[in-house]
Amino acid sequence: MCQINEEDDEAFQALKAAAANKTAISRKCMSCDQDACVVVRIADPMCRKCFEEFFIHKFRSTLSKSNVFGRGERVLIAYSGGPSSTALLHLIADGLSVNARRRLQFQAHVAYIDESSLYPESTDIRDKVTDLITNRLQHPLHIVSIDDNLDKDHDFQQILTERTKSLTAREELVRRRKLKLLFDIAIRENCTKLITGDNCTKLAAQILSDMAQGKGAHVALECNLTDTRNDSVTIVRPFREIMSKEIAMYNRLNSIESLQNADISTMTGPQSSIFQLTETLVNDLQRQFPSTVSTIFRTSDKLEKNLQPHRCDLCCCPLDLSEDQSLVSDEERIKLIQQLFSPTSQNMDSVHVCYACRRLLRDVQPISHSRQK
Amino acid sequence: MPSATCVSCQGQRPAALVRPKTSEPYCKVCFFEAFEREIHETIVKEQLFKPGETIAVAASGGKDSTVLAHVLKLLNERHSYGLKLVLLSIDEGITGYRDDSLETVKRNQQQYDLPLIILTYKELYGWSMDEIVKAVGRKNNCTFCGVFRRQALDRGAMKLSVNKIATGHNADDIAETILMNILRGDIARLKRCTSIITGDESDENEGSVIPRCKPLKYAYEKEIVLYAFYKRLDYFSTECLYSPNAYRGNIRTYIKDLERLRPSSIIDIIHSGEQVLVKQTAKMPVQR
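Each protein sequence line maps, in turn, to chains Z and C.
Sequential numbering from 1 applies to the first sequence in full-length UniProt numbering.
Sequential numbering from 1 applies to the second sequence in full-length UniProt numbering.
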């Protein structure tokens, strides 16, 4: 119907077979009136061609509407191996190709943060990543280990397992550490932009989870298209209005495979951390009320950014506490922050953290404490 | 092994409970003292009352309003706020729920020796909640009831000529409301819901309405229950017949789970809500 060799498209064939059994699926595409193969949003059926056009258009218009990129600008793409960042790479590859309409004009580098030191069974993830990015897509690739550049007193895996008492705190530490490393790579490679594959569904869960941890002041920043928390590198989120389901459909139709990635939350259950709990809530509500994710997103989009000039030394967001309340006085914690999160200058006179990061640090015990056990 | 001595009096008395807010062991005496002191500090810091004012305590007979009435009376005497307190109760006309809790309020009136006035939806609007639910079905009932109740409280307050209304909204309620407003996309309410006092001179939108304040804003629901239990306060503890279908139930479960993971989450959500700023350019609903 909508492509040249429909026999080759097994996704389409599978749906056609299902359609033969159930009359309900033989609906017509809302744009071109051909047979539909996917349903987007609440109940809008679309054929493959129209869906792909819709998907790609959403991505390109998000970028070009705001004139985010300068000609020849060096940008760093954050690749995690998951479906969103894999789709992101493919869309960018298409956009950079010679015969693309209104071709993307930036120079793309890719960064991958290797977390395999945090899990006992490490796989050959680096080879797979190198194969995809260096060999097939041919972008410059920068792989950095999550415990890059730490001294022997601060083994990241040990900090996470022995000194951090809750999974929530571990997830949040890893998240902040990854962002810090990505900023470092970007600065080192002279990239002025960092593109992430954060999609709308994930952002909605992140927004509520951040609210639950006291990060309400930064919600406007976390869901914005451009995030200027770092003065040298701006984060860009082109998928912010695309649902995870749409990405999954796009990947399926184009046989785009993501890497099987485990992280510290794998196999821990839906109530193991604040983020897991929130993600479960959002998915459950979305099933009953299909506008949940977009409403959360729209509401946060209407919020104003916090304009405080001073930044938190952990998450780089503007401070939401007064000068003396945000000051860290504990020496061990100061050393921890300096090791894991310090900017290029090692000696900081005073360390300041925002409300949420201060709460996070309470879950990380000082070394002397854990040695007593 | 948690220590079995109260952290506040450092062992003078054995610990009787673990405080939900701080997860520390407390004896009964120190817990009462801490609970009452924190409410007093909230009242002073936020300048909720002025001497000589008459305050209507919105009393439903439930744990929050019973504790509110008890603590306000206590603090008014202990710290000489100079307030005149009255009890204001609203009968929504929910059989099997409100008629029982009103008996509790009448007992409270005698126990605390405070004047009481009861207003009903039926006489104010011509409809009781039971009649409304029969007409519209069992969905979105809280919306009708909440809107009617606020107006009923205002009317009752004017009848009693009070300066302010005090409601028993606790920290859990406010945290739920913040999240609900995000989930429902209600930007206007999101801005207002963390205010501890609404409708006074500082609020440009509501000039001629009687101000409402929430002295229990930072008190955890669990602590209110513990306080009421240990003080053997007389309150009515069944939930409203129409609440199981409410949207708020989803969020209440979420917050209870959050509290189990991290007890400070409730106060953290309130902090988040207070930090949220709405863009000047965002479209707000206009009251006509």
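Mixed in with the good hints there might be a few duds.
Stated by the list, open to error - With a Cα cut of at most 27 Å, we get these calculated DSS-like pairs of lysine-lysine:
#1 C/K283 x C/K45
#2 Z/K152 x Z/K165
#3 Z/K165 x Z/K178
#4 Z/K305 x C/K191
#5 Z/K58 x C/K222
#6 C/K279 x Z/K302
#7 C/K283 x Z/K302
#8 Z/K128 x Z/K245
#9 C/K139 x C/K122
#10 C/K63 x Z/K165
#11 C/K21 x Z/K58
#12 C/K73 x C/K122
#13 Z/K65 x C/K283
#14 Z/K65 x C/K122
#15 Z/K165 x C/K73
#16 Z/K302 x C/K191
#17 C/K122 x Z/K165
#18 C/K139 x Z/K305
#19 C/K279 x Z/K193
#20 Z/K49 x Z/K65
#21 C/K73 x C/K63
#22 Z/K305 x C/K122
#23 Z/K178 x Z/K193
#24 Z/K178 x Z/K335
#25 Z/K165 x Z/K58
Derived by calculation from the structure, the hints in this document are not laboratory data.
Now for the hints, and whether the structure bears them out:
Under the criterion of a C-alpha separation no larger than 27 Å, the hint pairing C/K283 with C/K45 is inconsistent with the structure, at around 33 Å. Simply put, Z/K152 and Z/K165 have alpha-carbon atoms about 21 Å apart, close enough for the 27 Å limit, and the pair holds. Distance check on the hinted pair: Z/K165 and Z/K178 sit about 20 Å apart at the alpha-carbon level, within 27 Å; holds. Between Z/K305 and C/K191, the direct Cα distance comes to roughly 15 Å. Compliance with the 27 Å bound is thereby established for this hinted pair.
Proposed proximity of Z/K58 and C/K222 is contradicted: the alpha carbons are some 47 Å apart, above 27 Å. At roughly 6 Å between alpha-carbon atoms, C/K279 and Z/K302 fall within 27 Å of each other, so this suggested pair holds. The hinted pair formed by C/K283 and Z/K302 meets the criterion: a straight-line CA distance of about 9 Å does not exceed 27 Å. Among the hinted pairs, Z/K128 with Z/K245 is consistent with the structure: their alpha-carbon atoms are about 25 Å apart, no more than 27 Å.
Proximity of C/K139 to C/K122 is assessed by CA-CA distance (about 21 Å); at most 27 Å being required, the pair is judged to hold. Note on C/K63 and Z/K165: the hinted pairing is violated, with a Cα-Cα distance of about 34 Å set against a maximum of 27 Å. A C-alpha spacing of about 46 Å is found between C/K21 and Z/K58, which places the hinted pair above 27 Å, so the restraint is violated. Distance restraint check for C/K73 and C/K122: the Cα-Cα separation of roughly 31 Å exceeds the 27 Å cut-off, and the hinted pair is therefore not satisfied.
About 22 Å separates the Cα atoms of Z/K65 and C/K283, which keeps this hinted pair within 27 Å; it holds. Proximity of Z/K65 to C/K122 is assessed by CA-CA distance (about 56 Å); at most 27 Å being required, the pair is judged violated. Restraint check: the Cα-Cα separation between Z/K165 and C/K73 comes to about 42 Å, which exceeds 27 Å; the hinted pair is violated. Straight-line distance between C-alpha atoms of Z/K302 and C/K191 comes to about 12 Å, which keeps the hinted pair within the 27 Å bound.
For the proposed pair C/K122 and Z/K165, the alpha carbon gap of about 55 Å is over 27 Å, so the pair is violated. With a C-alpha separation of about 36 Å, the suggested pairing of C/K139 with Z/K305 is violated against the 27 Å cut-off. This hinted pair checks out: C/K279 and Z/K193 have alpha carbons roughly 25 Å apart, not beyond 27 Å. Simply put, Z/K49 and Z/K65 have alpha-carbon atoms about 23 Å apart, close enough for the 27 Å limit, and the pair holds.
Using a Cα cut-off of 27 Å, the hinted pair C/K73 and C/K63 holds, with the two alpha carbons roughly 15 Å apart. At most 27 Å may separate the alpha-carbon atoms for a hinted pair to count; Z/K305 and C/K122 exceed this at roughly 47 Å. Proximity of Z/K178 to Z/K193 is assessed by CA-CA distance (about 16 Å); at most 27 Å being required, the pair is judged to hold. Restraint check: the Cα-Cα separation between Z/K178 and Z/K335 comes to about 19 Å, which is no more than 27 Å; the hinted pair holds.
Distance hint between Z/K165 and Z/K58 is unfulfilled; the C-alpha atoms sit about 41 Å from each other, more than 27 Å.
Hints 1, 5, 10, 11, 12, 14, 15, 17, 18, 22, 25 from the list above are not met by this structure, while the remaining hints are.
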